[in-house]
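> The residues making up each chain are set out below.
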Amino acid sequence: MTTSFMDVDVRPTLRAGGEPFGEIMAAIAKLQPGQGLRLLATFEPVPLFHVLGSKGFSHKAKEIGGGDWEVLFSPAAAATPADATPAKPASDTSAWPSPVQEMDNRDLDPPEPMVRILAATEAMANGEVLSALLCREPMFLLPELAKRGHAWRGAFEPDGKTYKILIRVGAAKEAA
Amino acid sequence: MVGVALSRWTMSYFATAVLALIAAEGLMLAGIGYPHAAMAAPASLLLVHLVAIGWLSLLMCGALFQFVPVLVNRPLHSNTLPLPTLILLIAGLAALLLGFAQLGGTIQTPFGFFPAAAILLGAGFVLVLWNLGRTLWAARPLPLPARFVVVGLCSLAAAVFLGIIFALVLGGVATKPHLLDVTALGLPIHVIAGLGGWLTFTAFGVSYRLLAMFMLAPELEGRTTRGALYVGSIALAVAIVGGMAAICTSTNVIWPIGAGGILGLLALALYGGDIQHLYRARKRRVIELNSRMAGVALANLAATILLGIALLLAGRFNDHVGVIVFLVAFAWLSGFGLAKLYKIVAFLTWLECYGPVLGKTATPRVQDLVTEPRAQKWFALYFVAVWIAALALLFAMPLLLFRVGVGAMGLATIGIGIQLMRTRRLANVAPALRLPKGTQPPHLLHSSVQPS
Numbered sequence: 009m010t011t012s013f014m015d016v017d018v019r020p021t022l023r024a025g026g027e028p029f030g031e032i033m034a035a036i037a038k039l040q041p042g043q044g045l046r047l048l049a050t051f052e053p054v055p056l057f058h059v060l061g062s063k064g065f066s067h068k069a070k071e072i073g074g075g076d077w078e079v080l081f082s083p084a085a086a087a088t089p090a091d092a093t094p095a096k097p098a099s100d101t102s103a104w105p106s107p108v109q110e111m112d113n114r115d116l117d118p119p120e121p122m123v124r125i126l127a128a129t130e131a132m133a134n135g136e137v138l139s140a141l142l143c144r145e146p147m148f149l150l151p152e153l154a155k156r157g158h159a160w161r162g163a164f165e166p167d168g169k170t171y172k173i174l175i176r177v178g179a180a181k182e183a184a
Numbered sequence: 002m003v004g005v006a007l008s009r010w011t012m013s014y015f016a017t018a019v020l021a022l023i024a025a026e027g028l029m030l031a032g033i034g035y036p037h038a039a040m041a042a043p044a045s046l047l048l049v050h051l052v053a054i055g056w057l058s059l060l061m062c063g064a065l066f067q068f069v070p071v072l073v074n075r076p077l078h079s080n081t082l083p084l085p086t087l088i089l090l091i092a093g094l095a096a097l098l099l100g101f102a103q104l105g106g107t108i109q110t111p112f113g114f115f116p117a118a119a120i121l122l123g124a125g126f127v128l129v130l131w132n133l134g135r136t137l138w139a140a141r142p143l144p145l146p147a148r149f150v151v152v153g154l155c156s157l158a159a160a161v162f163l164g165i166i167f168a169l170v171l172g173g174v175a176t177k178p179h180l181l182d183v184t185a186l187g188l189p190i191h192v193i194a195g196l197g198g199w200l201t202f203t204a205f206g207v208s209y210r211l212l213a214m215f216m217l218a219p220e221l222e223g224r225t226t227r228g229a230l231y232v233g234s235i236a237l238a239v240a241i242v243g244g245m246a247a248i249c250t251s252t253n254v255i256w257p258i259g260a261g262g263i264l265g266l267l268a269l270a271l272y273g274g275d276i277q278h279l280y281r282a283r284k285r286r287v288i289e290l291n292s293r294m295a296g297v298a299l300a301n302l303a304a305t306i307l308l309g310i311a312l313l314l315a316g317r318f319n320d321h322v323g324v325i326v327f328l329v330a331f332a333w334l335s336g337f338g339l340a341k342l343y344k345i346v347a348f349l350t351w352l353e354c355y356g357p358v359l360g361k362t363a364t365p366r367v368q369d370l371v372t373e374p375r376a377q378k379w380f381a382l383y384f385v386a387v388w389i390a391a392l393a394l395l396f397a398m399p400l401l402l403f404r405v406g407v408g409a410m411g412l413a414t415i416g417i418g419i420q421l422m423r424t425r426r427l428a429n430v431a432p433a434l435r436l437p438k439g440t441q442p443p444h445l446l447h448s449s450v451q452p453s
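For the protein sequence lines, the chains are X and F, in the order given.
Note that my numbering gives residue 172 to position 164 of the first sequence, counting from 1, and the numbers run on in steps of one.
Note that my numbering gives residue 107 to position 106 of the second sequence, counting from 1, and the numbers run on in steps of one.
Treat the hints as calculated values from the structure; they're not laboratory data.
Among the clues, some could well be false.
Here chain F is said to cover these stretches of chain X; the calculated rule only asks that three of the stretch's residues, wherever they fall, bring their Cβ under 8 Å from a Cβ of chain F [to be verified]:
| # | segment |
| --- | --- |
| 1 | 18 to 28 |
| 2 | 111 to 122 |
| 3 | 127 to 133 |
Computed far set for chain X versus chain F, every beta-carbon distance over 12 Å [unchecked claim]:
| # | residue |
| --- | --- |
| 4 | S12 |
| 5 | E31 |
| 6 | A35 |
| 7 | I36 |
| 8 | A37 |
| 9 | S66 |
| 10 | P83 |
| 11 | A84 |
| 12 | P151 |
| 13 | P166 |
We treat Cβ as the ideally placed atom computed from N, Cα and C, and that holds for glycine.
So here's chain X without its partners, still in its complex pose:
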């Protein structure tokens, strides 16, 4: 299946310190049925994957040099996997900075992933983002994150087996 893509380059907006979310959503609204979106950004816009995933778009991201990323969002006819959970909290749809730390916790015994994540967030500054891969939704971690005032966005990757969570330290406290 060939999909035509509308180009949206948000790199100038990002470099100017701006917020491209509205721009991207405006472009999405203008897409023809079956048309996809080719996004150029200065970082891998992981939060956007979940937002657009919940709107039925699958994505292919690749680094194109200079730290820039090209992401192809295709309208998935068969929609998202049934167990894909939309990103939360939904009210906060602004773009987050790229993670300062990434960890792969998929092969750790529970509750080791939770221990590592909380240890990492304690060492991070307010506003910084941690990215972690898990093999299931971290149900007992989330109340602890909320209590400590961190915001998070998480969802299963398209493979349905890896759960990716982004945690922004102190962000819930600021919003409150």
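Since chain X is already given, all that's left is putting chain F on it; use the hints.
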């Protein structure tokens, strides 16, 4: 998606459940009920319900109040309801046991206990079904393990419904001929719904998730798992609904029960294959005591089924139905329950006590809350004792040997119970690490739910 809080009253359910198991083992040691009395004697029924409701059902309810939210990623509908529920269930069980004691002439009172038991247990289990049912309903579409729990809860409803009819008839309140028929013929259906549908099928659903979680094995959602769910559900429906229909239409109940049994074997085979796959495909090579002991209990289940088939083929099943019930209750369900309890208590206690300070200060690991070598001895004693008692029953050996077996089971249960208390009290944790700044020692019987 806000994650899952600690279930406030689960530890009270667990504590009551373990005490009920120890009490039941004490009764068997004292020679009360089966095999010293007939299987259907009032003393045997008292014993069976102390185990089925007091131990296994309270254990299962306490576990489900914590783990249904984990299975469906939703908070429990009500975290306060489980306490009044527990009080109703304990009061109802006490009334039921007194009712059986009355039936056997052990105690004499001017009023009957059975109607009170029917009301109290009925109300308690309705609250269980309401609370878990609302939680599950809000989480549709349900993941596969949760669907096993739904079928288990439907079976619980059937078992309780029949139990209420029995209690009202035995208490002399209900005298309709249909209800008398149900009481006369419905016992096998009540047992299948309770031990098979509610306890075993629910344990299947929970085991899919817990074993995968603690052994780092892949979550199973394939054809065999769906097959186990569908075939098992149909088997239970045929046996329970078909059995009730047969009673109401004066047909022999052996037909629906036999058909359900054959389908049930197929479901068990599918489940057995899945579980073998889970153990083989695990990423974690060295598994903890709870997974090893759960494996022993699962092997016991397989052996019990083979024994049941052999007895059926030899035409001796009716002579030995007591052995089969004993093995299902103690070798399989109790063994599995104790094994998982050993992990769940440690995990929940760790989370309650150290969760708030993780990353802020040095904290013990979950495994620091337990001393597996010590607990392993008690588990080994428990299983060997169950086998000895079962063999004594099977080969009609002197009852003294059975009593030695159940006495050792009781001792082992007390040993495991003490280990669980030590875990809850953080007694196994090195004193320097036990209570870092910002932590509170957990209460023995309830969990402080973290405000978020």
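> For S66/X, which was marked as not at the interface, is the minimum beta-carbon distance to chain F over 12 Å?
holds, 21 Å
> Just double-check P83/X for me: nearest Cβ-Cβ distance to chain F has to come out over 12 Å.
holds, 23 Å
> Please confirm whether A37/X is truly not at the interface, meaning its C-beta sits more than 12 Å away from all C-beta atoms of chain F.
holds, 26 Å
> Is it the case that I36/X keeps its Cβ farther than 12 Å from each residue Cβ in chain F?
It holds; I36/X is separated from chain F by about 23 Å at its closest Cβ, greater than 12 Å.
> Closer than 8 Å, Cβ to Cβ, for at least three residues: run that test on the segment 127 to 133 of chain X against chain F and report holds or violated.
holds (count 5)
> Is A84/X truly not at the interface, in the sense that its beta carbon sits beyond 12 Å from all beta carbons of chain F?
About 19 Å separates A84/X from the closest Cβ of chain F, which puts it past 12 Å; holds.
> Are there at least three residues in the segment 18 to 28 of chain X whose beta carbon sits under 8 Å from a beta carbon of chain F?
This one is violated; 0 residues, fewer than the three required, reach chain F with a Cβ under 8 Å.
> Looking at A35/X again, its CB stays over 12 Å from all of chain F?
holds, 28 Å
> Under a C-beta cut-off of less than 8 Å, do 3 or more residues of the segment 111 to 122 of chain X approach chain F closely enough to confirm the stated coverage?
Answer holds; 5 residues pass the 8 Å Cβ test.
> Would you assess whether P166/X, listed as outside the interface, keeps its beta-carbon beyond 12 Å of every beta-carbon in chain F?
holds, 16 Å
> Holds or violated: is the Cβ of S12/X farther than 12 Å from all Cβ atoms of chain F?
holds, 34 Å
> Determine whether the non-interface label on E31/X survives the test: each CB of chain F must be over 12 Å from its CB.
Since the minimum Cβ distance to chain F is about 27 Å, E31/X lies beyond 12 Å and the statement holds.
When each numbered hint is compared with the structure, violations occur for hints 1 and 12.
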